[in-house]
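Engineer: Could you put together the complete structure from these sequences and hints?
Once you know that position 54 of the sequence shown is 54 in this note's numbering, the rest is easy, because the numbers rise by one and skip nothing.
Mixed in with the good hints, there may be bad ones.
[To be verified] Distance windows between CB atoms, simulated: (1) R105 with Q139: 22 to 30 Å; (2) P67 with D134: 19 to 27 Å; (3) E55 with A151: 24 to 32 Å; (4) R23 with A47: 22 to 30 Å.
Keep in mind that the hints were calculated from the coordinates and are not lab data. From a predicted model like this one, the values you see are computed outputs, not experimental measurements. Ideal placement from N, C-alpha and C gives every residue a C-beta, glycine not left out.
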Amino acid sequence: MTPRVATVHDAGAVAELLDAFNREFATPTPGVATLTARLVRLLAGPAMFAMLCGEPPVAVALVSLRPNVWYEGPAALLDELYVAPDRRNRGIGTELLTSVESEARRRGGEVLEINVDGQDTDARRFYRRHGYTDTEPGQSEPSLYYYKELATPTGETQGPPSTDAPPPSVR
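Structural biologist: So this is what it looks like as structure tokens:
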């Protein structure tokens, strides 16, 4: 199964897989329609790309690119990597990650960052097996990820609404 770069026309398929990912782990999702609308806009620009595996797609990766003072090219952040449950443990995730690395390099990226939940031992093992580390070069302590939703002037946060998803839980 060869991964391919998704186009704007694939936004719906990307959205369906991302929505399924969040639902599998009982994480809030704004729903397929909202995700599709956002992806149409984002995939049309240079700051994000997605990759799909299969026809119909059974796996997705979503990557954001951003300028970074420490590198000449952009830093890539693997926002999501998801393989449908019935297709796991067949090497699809490895193929997808390898293709993401190649595409990020092709776009000038020099580093690929990934945020993984501390208790997600399967994901941590997967990324370590592929050469990723939680410790930056020259450091002896693991890197940590911090998160804060920013409020609008009216005090509302910008995070995804949970009305179209099961109750949130730790993912």
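Engineer: Can you tell me whether the CB distance of P67 to D134 sits inside 19 to 27 Å?
Structural biologist: The hint (19 to 27 Å, Cβ to Cβ) holds, given that P67 and D134 are roughly 24 Å apart.
Engineer: Using the C-beta atoms of E55 and A151, is the stated range 24 to 32 Å upheld?
Structural biologist: Violated, since E55 and A151 (Cβ atoms, about 42 Å apart) do not stay within the stated range.
Engineer: Starting from the hint 22 to 30 Å, judge whether the C-beta atoms of R105 and Q139 obey it.
Structural biologist: Once the Cβ atoms are compared, 24 Å apart, the range 22 to 30 Å for Q139 and R105 holds.
Engineer: Quick check: does the Cβ-Cβ distance between R23 and A47 fall within 22 to 30 Å?
Structural biologist: Holds, at about 26 Å.
Hint compliance for this structure: hint 3 alone is broken.
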